[in-house]
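Given only the sequences and the hints, what does the whole structure look like? Please build it.
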Amino acid sequence: MKKYSAFATPYLIWMLVLTVVPIILMLALSFMEIEGLVFSTARFSLSAFEKTFKREYLIAFAQSIKLAGLATLFCVIIGYPVAYIISHLKIANRFSFLLVLLLPMFTNLLLRVNTINRLLLPEGFMKNVFGISLNFSGTEAAVVLVMVIVYLPFMIFPIYTVLEKIDPSLIEASKDLGANNFQTFRQVTLPLSLRGVSSGVIMVFLPCATSFTIPYIVSRGNIKLIGNIIEEKMGLTNQLSDYSVGSLISILILVVVMGALYIISKIDAEGETLL
Amino acid sequence: MRMRKFFLFLTLLCAALVLVGCDNREKLYVLNWEEYINRDVVRRFEEEYNVKVVLDTATSNESMYNKIKNRAGKYDIVIPSDYMIERMYQEGLLIKLDYSKIPNYDASMFDPHLQELRDNYFQGNEDYAVPYFWGSLGIMYNNKPGVKEGVKELVEKYEWRVFFEKDLLPANVTVGMYDSSRDAVACALLYLATTRRDDDYSLNTTNPEHYNMVENLFKNVSYSQWGTDELKMSVVSQNLDIALVYSGDFFDQYYFALETGADITFDMHMPTERNNIWFDAMVIPNTATKVDLAHAFINFFLDVDNAIENTIHVGYCSGITEVIAAVREDEEFAEIASHPAYYPGAVNGEIYRHLGQDIALRMDEILTKAKIGR
Amino acid sequence: MMLTPKQKRKMIGKTNTTLKFLFLAIVLFLLYFPILIIIIQSFNANGQGTDFGGFTLRWYQELFKDEALVQAITNTISVAVLATIFSTVLGTLAAIGINSLNKKRRRKMILLNNVPVLNADVVTGVSLFFIFKFIGIVIGNEYILGYWTMLIAHIFFCIPYVVLSVLPKLNEVDRNLYDAALDLGCTPRSALTKVLIPSISTGVLTGMFLAFTMSFDDFVISYMVAGEEVKNFSMWIYASQKQSGRTLAWPKAYAYNTIVSVLAILILVVYNVITARKQKNLRKDSLKCV
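Protein chains in written order, with our numbering: chain A, 1 to 275; chain B, 1001 to 1374; chain C, 2001 to 2290.
For the record, the hints were derived by calculation from the structure and aren't laboratory data.
Just so you know, not all the hints are guaranteed correct.
Unchecked claim - Cut-off 30 Å, straight-line C-alpha distance, at most; resulting in silico cross-link-like pairs (DSSO-like, lysine-lysine):
#, chain 1, residue 1, chain 2, residue 2
1, B, LYS1148, C, LYS2284
2, C, LYS2242, C, LYS2065
3, B, LYS1152, C, LYS2242
4, B, LYS1052, C, LYS2242
5, C, LYS2169, B, LYS1074
6, C, LYS2194, A, LYS90
7, B, LYS1101, B, LYS1144
8, B, LYS1148, B, LYS1219
9, A, LYS175, C, LYS2008
10, C, LYS2242, A, LYS127
11, C, LYS2169, A, LYS90
12, B, LYS1166, B, LYS1027
13, A, LYS90, C, LYS2278
14, C, LYS2014, C, LYS2103
15, B, LYS1027, C, LYS2065
16, B, LYS1157, B, LYS1219
17, B, LYS1290, C, LYS2242
18, B, LYS1290, B, LYS1052
19, B, LYS1166, B, LYS1148
20, A, LYS90, C, LYS2014
21, C, LYS2194, B, LYS1005
22, B, LYS1005, A, LYS127
23, C, LYS2284, A, LYS165
24, B, LYS1369, B, LYS1027
Following this line, the structure appears as structure tokens:
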């Protein structure tokens, strides 16, 4: 088996080039003042820091955390029971049932978000066909709702995987020793499943916090989260690009992600059960 | 073994799909606004010159500038607005036009008002840009009878005030603002100019005090929607009652409603006392690799028949006198062309100038501040 | 009427079960309602989708007539299939490699592997954009972004998912299995292909499935690295958001999506039928032994 450690080397190089080199590039850009991407005009400067730690961006950052946090919380509240119920179903192909829940993931994200958004507007299909006129679109709550609808499967899947792996004899033993259902759950199942919950939290929180499509579409252009700011600074919106600030914010997010990875590696020594 | 054959088959299939999509014709890359060109006319160009035209889109001048400045693509033709053309020219991003390759061009072919704008614009603009469409800002509104009565009267009476003085409007009237720094700031400046009358509030002001006032205005209002093309669609679907739009936005929705036979529940008011007047033009950026073909493309769209077909599909007002006349005389379009907002020359409009990176960033900042923390 | 403890437990059990199913039903409804609307709208004669204008198959036909849309769909599918194949093969090999490393190196490789998975789409997309642009400038082709950069980007972010699916399986597999195969006369190569890989096949399949799903639906990364000409389906939808209803983009998109959903359900059903039949046959065979 040791012979095959050589297989890891090309992968190491590949990942270094495509992950580490861009980070170095972005770090460099964070310390520059540059016209577009024309490197001949680059000068050393700390202006990117000044421009990033502005009040507005900090507010946007806080709002991203808030909305993503709420969405993640709801995903846990809804997702854990769902995973639990399915893992205890007495049918032959539980896994297929789970896949049914995950099938909406195959629908294009933008298509889904736009469709849901239209359902939340006062005029349109909902009103003319069902007589329901919602004026929900454009609010923070709508953004959280759509985040939950889109990312719930990402919470259910890891929790289910972990719950499935729990040795049923542990549950039996607990019951034999006199614990009732609730105690068994609290003392046996829950602690064992926390790894799945933490996976799920990370798989939901990070995409939600850095999303730009959902906030823009569902808030009708009103809400600007940290993902939208990166998008803007990288020249993908109606405003002028600023690669230094964009790079700096990307690096900061990366630092947060690395922090999360570090925490995972402490909770789960092997760091392999992300799924 | 079966798996291997299956995967081999899949790979070959994909390779085949990729190759089938391959085109051996020469390609011309055009960067334009969304729905701002008649694809049938483009197809005729493709057939005549045996080339493929790749149409890419951007939703703002700043976005176009980003793409050209950062050389994101080998665009041969870009169609930005006046002030962005000025900026690109100043930064050496444009290629000078060779009018010997544009025989359809005639110095007197453009509408006199538009020509006056060109004559007074930055030195040499006529060497780099050929006008495409022109227009002004407008206030599009929902006037569905029985549902939203009185909106028309409010818009016509208060004009720019409807965007900044919410108490003038009934509670159920929703307002949308254009998601472009320059245009949103211009709307605020037009409001200040027509209500305060204590200063000029030019759309090209460099006075930081003015920008502070604009920032404050936006801080104290909220909109139901910020968008670009989404605004006109929201008004049409009645999910928005009042929106700041480009004048042509109304007409393109109007044509569309006529085509589908839908009820027309919207209209547009073009304030004439003070407004912005703009023109978009075809330019050849320095990312171009097919300069001669680009000239041919510009030439093709200056042909009067092509220009007529283009303008009746797109909805905006053409810059060519003959084309405007033709649209006005055509029995199908005469009614639309007689709409007071059709002809931009009727407004007291101020054209944008490029004000430098610092002010451009300030405007971006105002837009960002207007949205964050809602 | 007094209930015996047993009857009480049964009643609680029944209400419990009903509550559970009700809860599941609500969640399913929440997740599926948009999909149902999409399916309905794909048959809606009213192209603007504001009201139900009657049943029609028109959009399914228009879908195939729209060149740009067909091209976008072809790109999405070909990139997804190719990226899945490459990332599965490369990812499995990489996982085998990582599995053979010592503990310390292994942890570092896994950390590196997880970066694209956890990193925000935007940041990954931006990183790839920069590195491709940089490579482009170095090799003299500044307009490097296109189909191939998109494919490489997809392979890049799919491999980690394959690795994450295969590694746990490699762990489970008996460490001695490979050596046992060698002892029994296999060449190293056939020990790899005929013994090791089949034993981790469920992990490989899961990885393949994940890779395909991530690639098929990708938007942000493709948007940043596909350049000015190539579009995948997500990018096509993004552009359609800014178009008026005139281009009738939405009903065509709904039609395409309905086809995809139906195909996915069919595959799921077929998979279920096959595994059920396998299980039935297994049981039959095991009964024969008795």
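Verify the proposed pairing of LYS1052/B with LYS2242/C, using a straight-line Cα cut of 30 Å. 24 Å, holds
Checking one constraint from the list: CA of LYS1290/B to CA of LYS1052/B, max 30 Å. Satisfied? 12 Å, holds
30 Å limit on alpha-carbon distance, applied to hinted pair LYS1166/B and LYS1027/B: Roughly 50 Å separates the two Cα atoms, so the pair is violated.
Quickly compare the C-alpha distance for LYS2242/C and LYS2065/C to 30 Å and report which way the hint goes. It holds: about 21 Å lies between the C-alpha atoms, which stays within 30 Å.
Can the restraint linking LYS175/A and LYS2008/C be considered satisfied, given a maximum Cα separation of 30 Å? Given that 30 Å is the threshold and the Cα spacing comes to 20 Å, the pair holds.
Please verify whether LYS1166/B and LYS1148/B have alpha carbons no more than 30 Å apart. This hinted pair holds, its Cα atoms lying about 16 Å apart.
Pair hint outcome, LYS2284/C versus LYS165/A [Cα-Cα no greater than 30 Å]: Judged against 30 Å, a Cα distance of about 28 Å means the pair holds.
Take the C-alpha atoms of LYS1148/B and LYS1219/B, compute the straight-line distance between them, and say whether it is at most 30 Å. With a Cα-Cα distance of about 27 Å, the restraint between LYS1148/B and LYS1219/B holds, given a limit of 30 Å.
Is the straight-line distance between the alpha-carbon of LYS2194/C and that of LYS1005/B 30 Å or less? Holds, at roughly 16 Å.
If you draw a straight line from the CA of LYS1152/B to the CA of LYS2242/C, is it 30 Å or shorter? 26 Å, holds
Below or equal to 30 Å on CA atoms is what counts here, so check LYS2014/C against LYS2103/C. The hint is violated at about 50 Å.
Proposed proximity, LYS2242/C with LYS1290/B (alpha carbon, max 30 Å): Given pair LYS1290/B, LYS2242/C holds - Cα atoms ~28 Å apart, limit 30 Å.
In this structure, the hints that do not hold are numbers 1, 5, 6, 7, 12, 14, 22 and 24, in rising order.
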